[in-house]
Amino acid sequence: MTFIPLRVRPLGDKALCVNDSGRFFSTVPEFLVRLTAGRLTPDDTDFLTAEGHLIQTGDELGNIAHAYAVAERLTRAGTLDYLILVPTLRCNLSCSYCQVSRAEISRPGFDWSEETLQAVLAQIDALDSPRLKIEFQGGEPTLRPDLIRAVIERSERLDQREFVICTNLQSLSDEIIEIFDRPDVYISTSLDGPAATHARQRTGPGTDQFAANLHRILDRYGSDKLSALPTVDPVAPPEIDELIDAYANLGLESIFLRPINYQGFARKRHRDAREQSAAWRDYYARFVKRIIERNWHDRSRVLEETYLSICLRRVFQPGADRHVDLRNPNPLGVDYIVVDYDGTVYPTDEARMLSRSGVIDLSIGHIAEGWASDRFELLNRHSTNQFDPACQRCAYQPFCGRDLVDDIARYGRVDIPRPDTEFCRKHLHIFDLVFELIYSDDPAVRYSLSRWLRLPGTARELGTTYQ
Amino acid sequence: MPQSIPLGEAGSDPALVEQACEWLSLFYPDIAPVRSHDWLQLQSGMRSDEELALLWRCALANAELFAAAQTKRERVLAELLQ
Numbered sequence: 000m001t002f003i004p005l006r007v008r009p010l011g012d013k014a015l016c017v018n019d020s021g022r023f024f025s026t027v028p029e030f031l032v033r034l035t036a037g038r039l040t041p042d043d044t045d046f047l048t049a050e051g052h053l054i055q056t057g058d059e060l061g062n063i064a065h066a067y068a069v070a071e072r073l074t075r076a077g078t079l080d081y082l083i084l085v086p087t088l089r090c091n092l093s094c095s096y097c098q099v100s101r102a103e104i105s106r107p108g109f110d111w112s113e114e115t116l117q118a119v120l121a122q123i124d125a126l127d128s129p130r131l132k133i134e135f136q137g138g139e140p141t142l143r144p145d146l147i148r149a150v151i152e153r154s155e156r157l158d159q160r161e162f163v164i165c166t167n168l169q170s171l172s173d174e175i176i177e178i179f180d181r182p183d184v185y186i187s188t189s190l191d192g193p194a195a196t197h198a199r200q201r202t203g204p205g206t207d208q209f210a211a212n213l214h215r216i217l218d219r220y221g222s223d224k225l226s227a228l229p230t231v232d233p234v235a236p237p238e239i240d241e242l243i244d245a246y247a248n249l250g251l252e253s254i255f256l257r258p259i260n261y262q263g264f265a266r267k268r269h270r271d272a273r274e275q276s277a278a279w280r281d282y283y284a285r286f287v288k289r290i291i292e293r294n295w296h297d298r299s300r301v302l303e304e305t306y307l308s309i310c311l312r313r314v315f316q317p318g319a320d321r322h323v324d325l326r327n328p329n330p331l332g333v334d335y336i337v338v339d340y341d342g343t344v345y346p347t348d349e350a351r352m353l354s355r356s357g358v359i360d361l362s363i364g365h366i367a368e369g370w371a372s373d374r375f376e377l378l379n380r381h382s383t384n385q386f387d388p389a390c391q392r393c394a395y396q397p398f399c400g401r402d403l404v405d406d407i408a409r410y411g412r413v414d415i416p417r418p419d420t421e422f423c424r425k426h427l428h429i430f431d432l433v434f435e436l437i438y439s440d441d442p443a444v445r446y447s448l449s450r451w452l453r454l455p456g457t458a459r460e461l462g463t464t465y466q
Numbered sequence: 000m001p002q003s004i005p006l007g008e009a010g011s012d013p014a015l016v017e018q019a020c021e022w023l024s025l026f027y028p029d030i031a032p033v034r035s036h037d038w039l040q041l042q043s044g045m046r047s048d049e050e051l052a053l054l055w056r057c058a059l060a061n062a063e064l065f066a067a068a069q070t071k072r073e074r075v076l077a078e079l080l081q
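Chains as they are written, first to last, in numbering that gives the first Met the number 0: chain W, 0 to 466; chain G, 0 to 81.
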């Protein structure tokens, strides 16, 4: 018989065992003693075989099934079908933690030139994919509705298309509303919490205008077309219920709890954003648990913390989400790119931010000239966690990912030991929380987890325990 | 609270102890393993004896399972990457 590779991590008073395909169970320390000493009982062997952790000699199907399950965990980055476009770097706000060091609204030279627009349109014509997602970022992209419309209209030959306009909703022209009216256009905005918090961190005296525009959008389209994200100052986070209320009262159910990103202006003005503290991790866990309580007491809607749901689905439903910041391998410049205001191509939005900050130039080419270079191929050799010496010893490796640009942003290199990185510490904490919830006996927890997994009912248990 | 582990018992092969300590230092840097000739003491200001005992059991299990796992793991990955 062959044991499938298992990795072990403490979980409460038990041990969590995870194999390379992500199958897992919790068990008592005594089982670990029997397992490692080669003193398994027949019951132990039966359990391990039934759960796919042990393959009997000659079981070819078992071997292939295991290899298939491991392959299911691996990202297959296909052809280019996701563009992040920055038609302008100009913005009508000036937030202290702006990730891209935006340009003043009146400054010339920070919008796409006619040549850049034509090169973007030619790229869309050349796409070899039946589907396309385009995210318009900035600056404030709604300052150039003409460029947005040109791109959208050029993409109409593709059957499966989706456009997301990331806007601060500070100003809504008739032209922009006309674009928003399209069924394939979605709106993403920022909402940092209660009005006072949002005003302090972003909009200042313009907060009333933002609130009016937000309500106008919700009145016109409902909440399905709009998503919003808070940026939270981890040093002074808002009161949890106030933040949840700010979303729930607008009918928004997904809250992506993001601490200030260590990019752009934030590198200077929020230096402590490089590493998150134990206090932030505690806040995050309390936030998730509070959402679970509220979901249990009010079943009329299901609130979720977006990133926790993504991590939960990576445990049970590999491939369910296409979240490019958490996948393995995570190759750069393959299935998605960023085109900046000057036509420069970056592998990720964070790479663009790093270049804007003057930290390191991670550009990989120009939209008019292509981006096949040995620069990103060199980076991509390190885009998997599969062979990392620390990840190989980590129970969460099958669920986790790799973010080379995040490492470069924070530490200027990609080769420091994983547990010394914020990416690793953050994900160890989140997956610890995910498995604490999976093994919770609380029906309220199982209710929320089942909803976040999009299950039709509520699971009686989500994780196996072996005594 | 310190947790003392007698070396020389089952599962305390020096190479395994070394690997188990390495695993602890990777994922639980708050724990300081202190060795004498036949004892290993795990020290942490924030963990109970029970927690430390479980952590050490997991650390040893990972060390014991790692070498055998690598052969299988690399074979499967090599097949997948062909």
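Hint data in this document are derived by calculation from the structure and do not stem from the laboratory. Any given hint could turn out to be false.
Claimed, not checked - Over 10 angstroms on every C-beta distance to chain G, these chain W residues come out as not near it, computed from the model:
id, residue
1, R6
2, L60
3, A66
4, D127
5, D223
6, L228
7, R280
Claimed, not checked - Incomplete in silico selection of chain G near chain W, CB under 10 angstroms:
id, residue
8, V33
9, R34
10, D48
11, A52
12, R56
13, V75
14, L79
Beta carbons are placed, not taken as given, at the ideal position from N, Cα and C, and that holds for glycine.
Outcome of the hint check:
{"no.": "1", "hint": "R6", "verdict": "6 angstroms, violated"}
{"no.": "2", "hint": "L60", "verdict": "15 angstroms, holds"}
{"no.": "3", "hint": "A66", "verdict": "5 angstroms, violated"}
{"no.": "4", "hint": "D127", "verdict": "24 angstroms, holds"}
{"no.": "5", "hint": "D223", "verdict": "39 angstroms, holds"}
{"no.": "6", "hint": "L228", "verdict": "30 angstroms, holds"}
{"no.": "7", "hint": "R280", "verdict": "14 angstroms, holds"}
{"no.": "8", "hint": "V33", "verdict": "20 angstroms, violated"}
{"no.": "9", "hint": "R34", "verdict": "20 angstroms, violated"}
{"no.": "10", "hint": "D48", "verdict": "12 angstroms, violated"}
{"no.": "11", "hint": "A52", "verdict": "8 angstroms, holds"}
{"no.": "12", "hint": "R56", "verdict": "4 angstroms, holds"}
{"no.": "13", "hint": "V75", "verdict": "5 angstroms, holds"}
{"no.": "14", "hint": "L79", "verdict": "5 angstroms, holds"}
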